[in-house]
Every structure is written in C-alpha cells, then in structure tokens.
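One-letter residues, chain by chain:
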Amino acid sequence: MSWFFDLLSAALYAVFLQNLLFSGGFGTTEAIRTAMTPRRLILFAGFISYFSVLTSAVCRMLDDVPAVNALGWAAHTAVFTGVLAAVYLVTACALRFGLKASRRFLTTAGIAALNSLVLALPLMNRGTAAGLADSVGTGLGSGLAFILAVALINAGLKTLAKNKNIPRAFRGTPVMFVYVALLALALSGFSGGRFFS
Amino acid sequence: MPSDNKAAERFSATMLNRAFVQNPVLVGALGLCPIAGGAVSLQAGLVLSGAFTTGMMLNMLAAHFVLKKLPRWLRMPAYVLIALAAVCPAGYILETRAQTLLSSVGIYLALMAVSSLISLRSEKTFVACTLKRSFSVAAAECAGYAAVIMAVSFIRELLGSGTLWGVPLTKVYFAPGLLLPFGGFLALGFLAALHRGYIARHFALRGALKDITFDLSAAAGPLITPAADIPERKQAPPAPAAEKPPETPVTQPADETDGQEDTQASDTVPVPGEAPAGEINGNENEPEDATSDTQAQQPGGFAVTPFIQAADTDGETADETPAQERGDAALEDEETPDEKAQTLPADGGEIEAFTDEKSDEAAPGEPEAQPASKDREGGEAP
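First to last, the sequence lines map onto chains A and B. At position 139 of the first sequence the residue is numbered 140 (my numbering), and the sequence of numbers has no breaks. At position 163 of the second sequence the residue is numbered 191 (my numbering), and the sequence of numbers has no breaks.
Looking at chain A on its own, in the form it has when it is part of the complex (with noise of 0.2 Å):
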C-alpha cells in the first residue's frame, strides 16, 4: 500500500509543487507549440505519459545492475538514451506493424518520445535515488504535468492575444517569453529558496 501512495505522491509533486516543465524548463518547447494547437493534447500527453512511465521503470530496474549503477555520467547517458530511444522503436513497430498506424500518429509518438521531459526523468530519478515507486509516479505526473502547463499557456495566450497594450517590439513571442517565466515564478514558489540576495 505505502507503494501506492508513494507512486502518487510523486505524481501529484511531478505536477504540482515542482511542475516540470515550469520548474526545469523540460518540454517547453513542444508545450508551448501544443498549446498553439491543442486538439491532440490528450494524445501526447498520453504518450508522454507512457514513454516517460516505461523510460523511467527500465531505467531504475538497470540501475540495481551493480555493473549500470558503477558507470559514470557520460555512459549512464548513453544508456538512459538508449533505453529511451529502444522503448520509442518496439512502440513504433508495434504501432506501425501491428496496429496500422499512419505516419502521423507514429510521428506524434515520435515527438512525445524523444522530448526533453522524457528523458529528463530517468535522469532527474538517478539524481535523487528515487525508488521504483517514485519513479513510476514521477512519469505518470509528467503528462498530466503537461497538459496543466498547455492549458495555462493557451489560457495565457489567448488573452495576450487580446491585450493591445502590449509595446511593440514584445508582441508576439517575447511577451510568450515573459508569460512563461511568470508562470515558471509562481511554480517555483513552491519549491522554497530565495530569489533575491
């Protein structure tokens, strides 16, 4: 049972009190160009969720190889990736073989895949000893993670879009920079820590 609630503890942090993409930056880039066009939003949150979920379980379940856990950065690296990189190929073949998928929802798992959030949290996990719970949690939390963060940039959006007193030279993508570091303020509140000396 303490299993569950870990698993769930981790998620609602991954989401939460340390969102990921707001507090580390990981996904923004593709967050931000969901939230331009959110109809698949659902989808590739799921499949975030899946790659990060399976990334994550394969990558602490290596760990606990005593030969995994004694390499150093650069080979853990390499491993992580391709761990990540072999769970997006068998997908895409199951995918691509068995269910007939076209190619543009074998793309769009292409993208949720290989993305900085998913790789960021067997990375993130190795860092902070994270269990197996933790880790199943933490990539559970990811998706979800990502659709709070689509829906506050395209909530975001939209009235910026509206806003004429915007100066000039921020319209557009910059004055998107400075909503997102808000954001990304607001979230970090959470985490503790000064922000000024």
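Rather than coming from a laboratory, the hints here were simulated on the basis of the structure. The model shown is predicted, which means the values in this text are computed figures rather than measured ones. Don't be surprised by glycine CBs; every beta carbon is placed ideally from N, CA and C. Any given hint might turn out to be false.
[Unchecked claim] Some chain B residues judged to face chain A by a derived CB distance under 7 Å, without partners named:
id : residue
1  : 36
2  : 39
3  : 104
4  : 105
5  : 213
6  : 221
Take the given structure of chain A and dock chain B to it, following the hints.
Below, chain B alone, put in the same frame as chain A:
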C-alpha cells in the same frame, strides 16, 4: 570567380536570415530547455553551445548521406543517437577534468541529445536539401543558437551569481532566483523584444516576422511602421490592400542564377533599390495572401502562424529543390493503401514541427531581410 562570390553571398544571406532575422530561439522558440535551465554561466553556455554545434553538424552529415533513405519513424531516434555522439564525449571530458562545471550544467547537457531544434532541422532541411544548403543552414542555426545561449548565460551569471566566467564581481547586486528557469525565460523574453525592435528598425521585411505564438499584427497594428507614417516617405504611394506578394522574391537576374543547386531565393543578396513597397509588415497590406496557407484561426481570436513554414525554406520551393532529392522525399511521403485508410483526419491538431506536409514549400509573403539603406528611397529607414 563570379560563382565563388555568388556562393559567398548566398551563404552570408543565409547566415543573416537564419541566425539573426529568423533566429530559431528568439522567433521560433525552439530548443528552450537547455537555455532556460542550463545556461546559468558563461562556461556552461560555452559547453552547451559546443555540444549543440557538434550534434547539429553530425546530424547534418548523417541525415544527408545516410538517414534520408530511412522512413521518418526510424530517422527520429537516429537523430537522438547521433547527437549522443556529441554529448557523451563532452560529458566524459567534464567528468574527468571539470566536475564542478558538469554539476553546474547538470542534466541539460544530456538533454542536448533530444534537442527539438536538431531533430526538426534534420528532418525538414538536411534530409531534403543539398549538402551545401544543409551546411549553410546548419552553420546559421548553430550561430544563432549559440549567440542566444551565450547572451542568456552572460545575463544570468552576472545578475544571478554576481560573477563573470567564475570571477566574482564586487558591488554587483544579484538575484539568485535568476538562475532558475524563470530567469532564463525572462532573459529570453527581453532578448526577443530587443531583437524584434532591432529588426523592425533596421530591416525592411517584405513579409511578416512569423513567430510561433500568434500573429498580433492583424489585431494590434503592424510591427513595422507603415511608410505613410514616416515623414520623409509620405510621397511614396502606399501599396494596394489586395496586392499579392511577388511570385519570386528579390533575386539576382535570372541569367545569373545558378539553378542547379542552392536555389535559396530569399537568401540571395538584397538588390539595392528594390525596397519593398512602404516597408510595411506584409500582413497589413496582404493579410490573407501572406498567411492564408499557414494560419489557422484559433478560438479566442488569435491566429496561429507556424514558424516552421517560414524558416525552413527561405523561399525555396518544391520546384526549386533538386529533382533527385525531391523525388526521394516524395517516395518517403507516399502512404500505402492501408495507411491511407487509417490516416487520422488532417484537423491541424498535430505538432506542426514534424507533421506539416507542405512545410518544405515556400510560404507566401516570406520575409526577406534587407538592411535599411539611406540610398534606397532618399531617406533613412524607420
């Protein structure tokens, strides 16, 4: 040799357009994660820039010579694994010689392997274009990305740590919060605003400066001051509202153009004396033609203008790409009957970075950066 001069001019035009005017970060919002999270000092920025440049060049070579023979769903993980060949050696060197710097950069060096900018450019440009074109685009993208990383690193180290290149500075007020991703996004926002203001002041764009977020020019006025508002240009007749964008951008005369390869029309050196009419944002005069193929009107009243269609081709149309590469790309785009039956409806909901089928065609109203010249219309640029 005239051909050498022409090639040099094209290269410099590509560098100007890709690295500066259509900067992939400040305009396209690509590759944000390492900048927002990892660019916290000049040394870290240098490491990230080096890893990115190496990964981009390796992918350029691999995509051009090998990967274009593979289907897209196999190419995508290949980009990541090839970029790893740049990331892992850098990480190993830092681990053995500069452990503190590796701790500072953190996992963001590893995340360079999954950089969206490398994957996007490899898929959209390196696979389909000639080697010369791919090299010029890669060099420009690397220069633009590195410039932004170093600028953000400089700002954040100075104002976030009170140091420069690790040397503490006295009497400098610093805010540690700027070392968080919020500081990175804030720095990017102000840099992007500075960039946009400079572009508006010094470049006469034929089309809209297309960024990925939304096109505010229709809602909130043009980005560039219309010619009628410039005192010394009030004599210039304004362009008619229904004027279509020119079929061909400003280029060298046809008999001097090398049509065999590197047909980057908008990357050619601007021809003096051929300023665009009124130096107006293309959306003001040509709101529909300039963006009709690229915009999707979203609920909430703002139009989405994908950056990818503007930046990927720089005026290069499908008809201008070498026939062999176009044929290879076309073969890969063919769907089997089963795939066609299973194809999800094209509702525009896909991430346009990878799934836009027409992204290799030139978008109408493609911005062509031309440095403002005093000689052009008898007055200073706005």
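Structure-based check of each hint:
Violation of the interface hint for residue 36 of chain B is found here, the shortest Cβ-Cβ separation to chain A being roughly 31 Å, above the 7 Å cut-off. A distance limit of 7 Å between C-beta atoms decides the matter here; for residue 39 of chain B the minimum to chain A is near 26 Å, and the interface restraint is violated. Interface hint at residue 104 of chain B: satisfied, since its Cβ lies 4 Å from the closest Cβ of chain A, which is below the 7 Å cut-off. The interface hint given for residue 105 of chain B holds, since its Cβ lies 4 Å from the closest Cβ of chain A, which is under the 7 Å cut-off.
Interface restraint check: residue 213 of chain B against chain A, minimum CB-CB distance 4 Å, threshold 7 Å, status holds. At its closest, the beta carbon of residue 221 of chain B sits 4 Å from a beta carbon of chain A; the interface hint therefore holds under the 7 Å criterion.
The earlier numbered hints that this structure contradicts are 1 and 2.
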